[in-house]
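Turn these sequences into a full structure, and let the hints steer you where they fit.
So the protein lines, in turn, are chains A and B. Take 721 as the starting number for the first sequence in my numbering and just add one per residue. Take 721 as the starting number for the second sequence in my numbering and just add one per residue.
Hint data in this document are derived by calculation from the structure and do not stem from the laboratory. It is possible that part of the hints are untrue.
Put simply, identical chains are the same to the list, so a pair is met inside one copy or across any two.
Under the rule of at most 20 Å between Cα atoms (straight-line distance), these lysine to any residue pairs were calculated in the SDA-like manner [unchecked claim]:
| # | residue 1 | residue 2 |
| --- | --- | --- |
| 1 | K968 | D773 |
| 2 | K1283 | Y1352 |
| 3 | K777 | G1354 |
| 4 | K807 | D996 |
| 5 | K1362 | P746 |
| 6 | K1275 | H1006 |
| 7 | K1289 | E783 |
| 8 | K807 | A1079 |
| 9 | K1120 | P746 |
| 10 | K1299 | P728 |
| 11 | K1348 | I1286 |
2 protein chains.
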Amino acid sequence: MSQQSAIPFEREALDSVLKRRFFFAPAFEIYGGVSGLYDYGPPGCALQANIVDTWRKHFILEEDMLEVDCTMLTPYEVLKTSGHVDKFADWMCRDLKTGEIFRADHLVEEVIEARLKGNKEARGIIEEAAEEDAEKKKRKKKVKEIKAVKLEDSVVEEYETILAKMDGFSGKELGDLMLKYAIGNPATGEPLEQPKEFNLMFETAIGPSGALKGYLRPETAQGQFLNFSKLLDFNNERMPFASASIGKSFRNEISPRSGLLRVREFLMAEIEHFVDPQDKSHASFHEVKDVTLRFLAKDVQSAGKTDIIETTVGKAVASGMVDNETLGYFLARISLFLIKIGVDPARMRFRQHMDNEMAHYATDCWDAELQTSYGWIECVGCADRSAYDLSVHAARTKEKLVVRQPLETPLTVTRFEAEIEKKKFGPKFRKSAPLVEQWLVSRTECELEELAKEMAANGKIVFKVEGIEEDVELDTSFVVIEQKTRTEHIREFTPNVIEPSFGLGRIMYSIFEHSFWRRPEDKDRAVLSLPPLVAPTKVLLVPLSNSPELQAVTKKVSAILKKAVIPFKIDDSSASIGKRYSRNDELGTPFGITIDFESVGDFSVTLRERDSTKQVRGSVEDIVAAIKEVTYNGATWEEGTKNLKAFETKVEEE
Amino acid sequence: MSQQSAIPFEREALDSVLKRRFFFAPAFEIYGGVSGLYDYGPPGCALQANIVDTWRKHFILEEDMLEVDCTMLTPYEVLKTSGHVDKFADWMCRDLKTGEIFRADHLVEEVIEARLKGNKEARGIIEEAAEEDAEKKKRKKKVKEIKAVKLEDSVVEEYETILAKMDGFSGKELGDLMLKYAIGNPATGEPLEQPKEFNLMFETAIGPSGALKGYLRPETAQGQFLNFSKLLDFNNERMPFASASIGKSFRNEISPRSGLLRVREFLMAEIEHFVDPQDKSHASFHEVKDVTLRFLAKDVQSAGKTDIIETTVGKAVASGMVDNETLGYFLARISLFLIKIGVDPARMRFRQHMDNEMAHYATDCWDAELQTSYGWIECVGCADRSAYDLSVHAARTKEKLVVRQPLETPLTVTRFEAEIEKKKFGPKFRKSAPLVEQWLVSRTECELEELAKEMAANGKIVFKVEGIEEDVELDTSFVVIEQKTRTEHIREFTPNVIEPSFGLGRIMYSIFEHSFWRRPEDKDRAVLSLPPLVAPTKVLLVPLSNSPELQAVTKKVSAILKKAVIPFKIDDSSASIGKRYSRNDELGTPFGITIDFESVGDFSVTLRERDSTKQVRGSVEDIVAAIKEVTYNGATWEEGTKNLKAFETKVEEE
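Structure, rendered in structure tokens:
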């Protein structure tokens, strides 16, 4: 589409259209706004609803997933168990004089980058407009000016090493870096307080006593895990199966930026696919194995490169680059979905998490990243989370979250087990006895093996239990840990979870960028080439004039469109036809129906296609049928209108 | 449908089906649950999605409303202005010994009712199982036993007066009643702390500093009001128009009860119809004027009665019972919507708010109430809120939230105006000067007239301004308030708002009750007669056996249903056909397709209708077409299947 790239992309031009057409706007704007909170206006809201609807059909309906709708309010205990209370945090540091708060890692990175840039300027090295990644570009605001100061070679090297390791620093380390390199408030140069951990969840109290601490969920996943047993039952105990959920999640960003890309309240769509850890094949894998994706593998990144491997999902799984069929299946399905709703495949890649980036329990993880003017944006995560989530909730609640399958032939199994002398625990540990017992029964096979070795070596085991201050010491009179051999008739296992997780706001913004262009003949005429399927409104009805005859036809056509449940708008303003169409090009409306005086006689109308501005003419019935074909049945404009007459007009230039 | 009412309704039987089929369940159940929070399982979630979809089509699409999606997180200032910070509260009282917390009004009412009941028992008066209203029945748990104690006649009279005035008591008055009548903790008899106000909004802090106080919205309306000017602009300045929003709202109930009827997180759908205060006619009123509704008018209630007036909306508006056409239009549309999604019209009424029940600014307000085993439940509110919301936000933010219309003929207007001597305010009031000025400019016409009178009488005006401790005193050297006459070319007005507001969870629960029945031949066979349009799943595919030939046909039929985007499930378990159908009757699935050995030969199948268990036979194509007709195009079973052959079978009894 060379026409569409004739005028270079400018973010300001897009932002101006999105604002003018009320796709979205800062929430509470008349009150001065609250950063990181946005309201969607009618076209944004309709686009979002259509994307959600497409998602529901593409994933839930097509694959028979079990959709659930769980509460956003979540009690402390659940998120303590999931790890969010302890780990869902960023490091912040405060300027005690001005009260300003900075996100520590972003600040250090930004200041160091600015200094490196200043060094290059001082040395007279001209920076190429290198592709920068999203995270960096977004944060450009704190450091207002780059000073051309030359740095020692050794310092440059140190700085570059720091940047490379940026994602791995602890709060203490960030604080040390700030001291060592005199990184303070960029505006004043004043030193800042040492970094403190800031939990990103919104906290609240549930109920009148204030005693039940709760949070707004940071993801929709936990509700799905907690309902696992009910879902398995609903699915008649069959495995594998997937649950899914669409809903708002919350993240109390330290300093939100970049419009819809980093916000405090956002719509997510998440799938939890529960699978047998011993069999991660997928029954429909053959349907997607030939889908070609652009992969950025972890070993490529570890080598400091960003080379893309373009290959089919089938080959990617066969070669072991993608861990298993189910994961591969979802990568392909994610790609098909994103393309369906308007993502440019050339600006989509699947980036694998590097080993140090992944949670310790994860087996493999890929992000669908979309390229925008902010860089490559993580829009969909697709992780194999192993049995982590179900295991921790089961351990905490003592509810079994497992699958039980009858074995065709009984199995003889040898396994480490801890046999607890319960009677002795009460007298020794009193109130804490259940904690110690619980600790023992929640050990994994591996941990038990280690404990057995320790016991054999020292005659006792020593360990820490959360909630008990002193070390716990047990000898064999309290617990015997040894291998036992049993015959099992039932196989009981905790399913693994493969989790495709969609950030719909980020996807939506990327689609805006991917579908935005301006007509070469007039750069003020912007177009959003949203696919008809997700476009907020499908048709603009344009009567040529405001005469009563045309009004009557407009009314009749409206009734037909309403009956066909095709979202449309009427523009009977006095603006020229060209102006009216151009307004709706900005809204991404794919079709226009012009009602003219000929329409009064034979009830024929003209249909205009947004991107090409081509027009065809036919009876209202045929035109509506064509709109339906192209919008909902995947036909191209050419296919959908092949029986209609081409129509020449000059109104576009008016 | 006498068959459907042959076995009397039992709430326990319905609850058991809803739980067993995972329509919904207590959230965080494996953690012990949190009262007032529920998760929707797959059928509940699908039913909810279908109701939302129907709502969107019925209201937004059909009437071209402007849908917005605003944030749930809301800063303090917005809800302070709207009145929620000060008034969205209940009275609670605490038992200082046990820590228990009671909602004061519910407690007083409940204890007094129990005493009156005990009195009747003591006097040997047999209580008839009178219809009780929902609020009462729900709260029955606190008072565990009724003691047969005779009361003095005078006390009975006092008690009855108290009950009649129950909704109007202040916290102080409730506290006095508790002291006077020795109302304490029903379990122990111990006295309680005096009632304290408990705000029902969930509070949180936005951003890292903790300084920006926020709440979870208690309704979706505020976001719509705040975006009024953008919406008016989007609508090309045309009036009237409506915005709409579907989303979660929150209410931190003191003690939630009654399943889905009183919860802490719930889905709402709200419309804000902005209308010229001088013209509340509605362009489509003629389309609904003949719709008959069951009205419970305010004067009937004031007279202590509940007689229903059954009449058309046209007559209700003409007689003045319903204040205006737009309000009447929405009452009719609400009724049509509720019936479409499965509400029993005989168990629906529109109850008008009594004058002392309505907010001071409201012109008229009607609730669509649905009758359930908990009594009559308020499910949709429909209020004419006058210009209140836009006015208060405009006054607070100094942003004009008005419509400006050119006048065809200029108008001469005489109005009270306050002319402020700005220069004198600074020296006298210092920092508080803007507060005083703001107070003056936000007075209404009426208030200005009063102030003018006060000034004329006393030579000064004295008033209180929020944020200033002392009274403010001004004489004519500071402000002149008098009538001015001007010629206006533009009419500027603040629109009035008519607000239909739907509690979707309550509606859903009512539909469960309205559609639940048990087959007379076997009361364990329960049916949810949900309309096909909103039923979670439309079709159950039932292969007669698990043979490969039938599996192949099942696969083909599945593909056809998928292509037609008809939500279906396959049940190829080994249970009998009868059992499989009966399981799906409980899920409200309206159709079943049986695949038998004849299907292998001629690709014909049997279609079963859930309520009548009638069956017809035909080709898969014809059967799918019939399903589409009945489900999405409003055809009855008879109309949809008129070209299909009736089919007799005995499988139901298996």
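Now for the hints, and whether the structure bears them out:
no.	hint	result
1	K968 x D773	both (15 Å within a copy, 18 Å between copies)
2	K1283 x Y1352	both (15 Å within a copy, 12 Å between copies)
3	K777 x G1354	within (14 Å within a copy, 22 Å between copies)
4	K807 x D996	neither (28 Å within a copy, 53 Å between copies)
5	K1362 x P746	neither (44 Å within a copy, 55 Å between copies)
6	K1275 x H1006	between (49 Å within a copy, 16 Å between copies)
7	K1289 x E783	between (34 Å within a copy, 11 Å between copies)
8	K807 x A1079	within (11 Å within a copy, 46 Å between copies)
9	K1120 x P746	between (45 Å within a copy, 18 Å between copies)
10	K1299 x P728	neither (23 Å within a copy, 64 Å between copies)
11	K1348 x I1286	both (8 Å within a copy, 18 Å between copies)
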